Amino acid sequence: MKNKIKCAVLGSTGMVGQVFLQMLAEHPWFELAKVISSDKREGLNYGESASWLLPQPLPEAIAALNFAKYDIAELKQAGVQIVFSALPADIAKGVEAELREAGFWVFSNASAYRYENNVPILIPEVNLSSLKEIEKQGFPEKGFIITNSNCTTAGLAVALAPLRPFGISKLFLSTYQAISGAGYPGLSALDIMGNAIPHINGEEGKVIRECQKILEIEAEIYPTCVRIPVKFGHLETVWVEFEKAIDEQDILHAWAHFQLGNPALPTAPQIPVLYHDAVDFPQPKLAWHGEPAGMQVFTGRLRRQNNMFGFVLLANNIVRGAAGGSIINAEAFIRQYQRHLL
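Using this note's numbering, the letters of the sequence shown map in sequence onto residues 1 to 342.
Treat the hints as calculated values from the structure; they're not laboratory data.
All values derive from a computational prediction rather than experimental measurement.
Heads up, the beta-carbon is just placed ideally off N, CA and C, and yes, glycines get one too.
Certain hints may be false.
[Stated by the list, open to error] Pairwise CB distance ranges, derived in the manner of DEER restraints:
#: 1; residue 1: R209; residue 2: K244; range: 21 to 31 Å
#: 2; residue 1: E243; residue 2: H276; range: 25 to 35 Å
#: 3; residue 1: K93; residue 2: L54; range: 20 to 30 Å
#: 4; residue 1: G310; residue 2: N117; range: 29 to 39 Å
#: 5; residue 1: G43; residue 2: H289; range: 32 to 42 Å
#: 6; residue 1: Q270; residue 2: P229; range: 41 to 51 Å
#: 7; residue 1: E218; residue 2: D39; range: 45 to 55 Å
#: 8; residue 1: M193; residue 2: K4; range: 35 to 45 Å
#: 9; residue 1: S174; residue 2: E218; range: 14 to 24 Å
#: 10; residue 1: V226; residue 2: K4; range: 39 to 49 Å
#: 11; residue 1: A264; residue 2: A293; range: 15 to 25 Å
#: 12; residue 1: S169; residue 2: L252; range: 13 to 23 Å
[Unchecked claim] Listed below are the simulated DMTMM-like cross-link pairs for lysine to aspartate or glutamate, each with C-alpha atoms no more than 20 Å apart in a straight line:
#: 13; residue 1: K231; residue 2: D280
#: 14; residue 1: K4; residue 2: E26
#: 15; residue 1: K93; residue 2: D39
#: 16; residue 1: K93; residue 2: E60
#: 17; residue 1: K213; residue 2: E135
#: 18; residue 1: K132; residue 2: E248
#: 19; residue 1: K136; residue 2: E116
#: 20; residue 1: K170; residue 2: E243
#: 21; residue 1: K231; residue 2: D191
#: 22; residue 1: K213; residue 2: E116
#: 23; residue 1: K2; residue 2: E31
#: 24; residue 1: K6; residue 2: E26
#: 25; residue 1: K6; residue 2: E60
#: 26; residue 1: K170; residue 2: E220
#: 27; residue 1: K206; residue 2: E74
#: 28; residue 1: K136; residue 2: E98
#: 29; residue 1: K206; residue 2: D191
#: 30; residue 1: K6; residue 2: E98
#: 31; residue 1: K142; residue 2: E98
#: 32; residue 1: K132; residue 2: D90
#: 33; residue 1: K213; residue 2: D280
#: 34; residue 1: K69; residue 2: E42
#: 35; residue 1: K93; residue 2: E133
#: 36; residue 1: K170; residue 2: E248
#: 37; residue 1: K76; residue 2: E141
#: 38; residue 1: K69; residue 2: E98
#: 39; residue 1: K142; residue 2: D71
#: 40; residue 1: K170; residue 2: E116
Work out the full structure: start from the sequences and follow the hints.
Encoded structure:
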């Protein structure tokens, strides 16, 4: 892209915000123009005042930036067009609506607008056609909000998308979710170390609602969500019942040949779903593997029992399931609506 599009990140000190910064630092299409945090950090240097939480080193370009306060006039003066939001849902509700009204293109990781009419929960490999919903929000004359899914739903939807032609009728799901999904500082070590917590508030309902909306299916979905003491990566065991008579080879073939319709997006993996037949694959320690790192969904242990098929999947909850999901959404928007950027 000849001229990069200027963007800002809201909520830039949490783990999801930091993944945004890391992925945008050398992005070929986007230029990070503003790093927004609370007023008390305004003017402070990011590298000196923020605690870097990711396993990868803090990029020098990010360390050199100074925090800016949230100010719509200043965002416009800086030429910002895209705003990536890593805000908590309660704060995002007002801020994202204000940004949309001001004409910005908002790509949100928050749940505040996921279930609102005309706001797509977008996963480009799965439901790219839902992008057109932004036109019902008034685009191109007005701004819009596009959300990504809940972190648990993201990997599941990508793994299930190529299996839709077989007719998904019933789905049983158990998740083993990393503590980074609870944010930072998150859970008390006394609660989670050497333990597993078989309840994540609101998570199971989100999975049901979002899978049905994103995949456009009416399947019965029975999730159980558990928090476990690993840092990164949501592991999920899945059992699926299909309407059509298929075998394991049909599923493997569907995964192997599944790809984004237009793969020319910088953050899109060439192989969205990668299967391996090792008996102990996948594991959370692989959460940062793949290319781009954290964007592939790993599957393994495919097996059949009676009329159901089981498999295990792994998705990086703060990349594919959060910031990376928003960034690939922005790329898909640019690719589809680039005529409006001229």
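Evaluated hints:
1. R209 / K244: 21 to 31 Å: 25 Å, holds
2. E243 / H276: 25 to 35 Å: Holds: the Cβ-Cβ distance is about 28 Å, inside 25 to 35 Å.
3. K93 / L54: 20 to 30 Å: Cβ of K93 to Cβ of L54: about 27 Å, so the range 20 to 30 Å holds.
4. G310 / N117: 29 to 39 Å: Between G310 and N117, where Cβ atoms are some 35 Å apart, the hint holds.
5. G43 / H289: 32 to 42 Å: At roughly 38 Å between Cβ atoms, H289 and G43 fall inside 32 to 42 Å, so the hint holds.
6. Q270 / P229: 41 to 51 Å: Cβ of Q270 to Cβ of P229: about 33 Å, so the range 41 to 51 Å is violated.
7. E218 / D39: 45 to 55 Å: Distance hint for E218, D39 holds at roughly 46 Å.
8. M193 / K4: 35 to 45 Å: 43 Å, holds
9. S174 / E218: 14 to 24 Å: Holds, at about 22 Å.
10. V226 / K4: 39 to 49 Å: Hint holds: Cβ distance 41 Å, inside 39 to 49 Å.
11. A264 / A293: 15 to 25 Å: 19 Å, holds
12. S169 / L252: 13 to 23 Å: Cβ of S169 to Cβ of L252: about 20 Å, so the range 13 to 23 Å holds.
13. K231 / D280: 19 Å, holds
14. K4 / E26: 11 Å, holds
15. K93 / D39: 19 Å, holds
16. K93 / E60: 32 Å, violated
17. K213 / E135: 18 Å, holds
18. K132 / E248: 35 Å, violated
19. K136 / E116: 12 Å, holds
20. K170 / E243: Given pair K170, E243 holds - Cα atoms ~9 Å apart, limit 20 Å.
21. K231 / D191: Satisfied, since the Cα-Cα distance of roughly 14 Å is no more than 20 Å.
22. K213 / E116: Judged against 20 Å, a Cα distance of about 11 Å means the pair holds.
23. K2 / E31: Status holds; Cα separation ~12 Å.
24. K6 / E26: It holds: about 13 Å lies between the C-alpha atoms, which stays within 20 Å.
25. K6 / E60: 19 Å, holds
26. K170 / E220: 5 Å, holds
27. K206 / E74: Status violated; Cα separation ~35 Å.
28. K136 / E98: Roughly 17 Å separates the two Cα atoms, so the pair holds.
29. K206 / D191: The hint is violated at about 24 Å.
30. K6 / E98: Measuring from Cα to Cα gives roughly 19 Å; hence the hint holds.
31. K142 / E98: Holds. K142 to E98 sits at ~12 Å (cutoff 20 Å).
32. K132 / D90: 26 Å, violated
33. K213 / D280: Given pair K213, D280 is violated - Cα atoms ~32 Å apart, limit 20 Å.
34. K69 / E42: Measuring from Cα to Cα gives roughly 5 Å; hence the hint holds.
35. K93 / E133: With a Cα-Cα distance of about 19 Å, the restraint between K93 and E133 holds, given a limit of 20 Å.
36. K170 / E248: 17 Å, holds
37. K76 / E141: Given pair K76, E141 holds - Cα atoms ~16 Å apart, limit 20 Å.
38. K69 / E98: Distance of about 15 Å is within 20 Å: holds.
39. K142 / D71: Given that 20 Å is the threshold and the Cα spacing comes to 19 Å, the pair holds.
40. K170 / E116: Distance ~26 Å between K170 and E116 Cα, so the pair is violated.
In summary, the numbered hints that this structure violates are 6, 16, 18, 27, 29, 32, 33 and 40.
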